[in-house]
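Student: Given next are the chains, with one letter for each unit.
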Amino acid sequence: MIRVVLPPHLQSLAQVGNEVSLDVSRHPLTRAAVLDALEARYPMLRGTIRDHVTAQRRPFLRFFACARDLTHDPPDAPLPEPVATGEEPFLVVGAIVGG
Amino acid sequence: MSGVRVLVGTRKGAFILTADGKRSRWTVSGPHFAGWEIYHVKGSAADPNRLYASQSSGWFGQVLQRSDDGGTTWKTPGGGGGVTTAPGEMPRGESNKFVYDVSPGSGKPLTTHQWYDGTQHPWEFKRVWHLEPSLTDPETVYAGVEDAALFRSRDGGTTWQELAGLRGHGSGPRWQPGAGGMCLHTILIDPRNPRRLYTAISAAGAFRSDDGGDTWRPINRGLHSQYIPETDAEVGHCVHRLALHPSRPGVLFMQKHWDVMRSDDGGDSWREVSGNLPTDFGFVIDVHAHEPETIYVVPIKSDSEHYPPDGKLRVYRSKSGGNEWEPLTKGLPQQDCYVNVLRDAMSVDSLQPCGVYFGTTGGQVYGSADGGDSWAPIVRDLPAVLSVEVQTLP
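Residue numbers (this note's numbering), protein chains in the order written: chain A, 3 to 101; chain B, 1279 to 1672.
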């Protein structure tokens, strides 16, 4: 199982806690695979992290893991191994842009 | 005893204010969707327990919410409430999927509109400004969106299809954003002829369909706007709000960027009825529930000074369908008041006497249970109010 940490607004939208666990069997694990699994498990999150049609990341969201900023990595780039093993979570983070 | 339910959208959540028919004691519920911008909440006339809410965020985009119990509980239609789809079934989760129709079969798909500097700019979905449920079918609801387009759902908000004839009728490339963006903010359904629809767009103008939304034409003859090269052009006018009375749906009232206007022929022609208003800039306009010639506006000083003239919050009422206006001040702040009242933030109930409600960017929602003669704040300290709708309950 992999672990995904969501920002508070998406937690309330999906009616989950700070962290969700997902069964993703793809190897190597990629960001696209994580988000595919997340949206399949929680369909109400579709369109809130990436665009429905283009699958582009929404501009004010960032992706972190293992103390690294993975926001601008390609969606099909392999994620760090500790994310794939569930040792470390994949973090979806709202950028600090006021509001 | 009958009652009212006031649906308030704010910058940081939705609130539901309820009272019995006396409208003197209120219960406040909320914030619903705390922290999200709620541009609009509206109930179905066909089923008062069916509510639709537009929830949006600069981070997470658009979410569409629906309640089937009068606002006690909410869900994203088709998206479940944390419920998985069946094995092998693709998740729907499309209640927030507003995709512009670019298919050749839908007529004349458009890819660009006019930008602030006059250049062409791609159409980009940003948010839902206004939700207008069908008058007869709780499952059917229209959505006015930014960048301006009209969508319709026939499955309770689960999926949406653009009524592309509006953008495609020919004038789309000349539409341009107003200061608040290029939004379709007003949707009116003719209660006597549900195939007749009106919409209004900032800054494009007013439009009418007589075939249920398939085809459209601009209805802006008589409007004059100094901020466009051709002041009486077919499109380009910054219409802020339209209103009609159900008993006379051919009579339309308009609060334009500047000017309060009236049409007696379904929008085919307009004449100015600003009369003795202290300023004819403003956003809201609405019609008394029982008196089709009684209308309300809230004059705002100017397009750069978005607050009431002289620091006095005054609703103006005309009992003659315009031109002669009286200030309504009892119970409203008459000094040092510098709030705005946004275009979707006024509504009326249909009790006797008619109740009138409006919300401010200062977070107050004022109500009048006597047609505007006197006012009292229902709540004073909400986040900035974006929209106010009222349901009259049996």
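Treat the hints as calculated values from the structure; they're not laboratory data.
Careful: at least some of the hints might be erroneous.
Just the calculated beta-carbon pair ranges, DEER-fashion [unchecked claim]:
id : chain 1 : residue 1 : chain 2 : residue 2 : range
1  : B       : Arg1470   : A       : Ser23     : 35 to 45 Å
2  : B       : Ser1307   : A       : Pro61     : 47 to 57 Å
3  : A       : Pro76     : B       : Arg1499   : 28 to 38 Å
Quick look at which bits of chain A chain B covers, simulated, 3 or more residues with Cβ under 8 Å [stated by the list, open to error]:
id : region
4  : 68–77
5  : 82–93
From chain B, some residues computed to sit far from chain A (all C-beta separations above 12 Å) [said to hold, decoys possible]:
id : residue
6  : Gln1333
7  : Gly1348
8  : Lys1353
9  : Glu1372
10 : Thr1418
11 : Arg1452
12 : Gly1458
13 : Pro1469
14 : Gly1500
15 : Gln1504
16 : Glu1508
17 : Pro1524
18 : Pro1527
Backbone N, C-alpha and C define an ideal beta-carbon position, used for all residues, glycine too.
Student: Which of the numbered hints above does this structure break?
Tutor: 1, 2, 3, 4, 5, 6, 8 and 9
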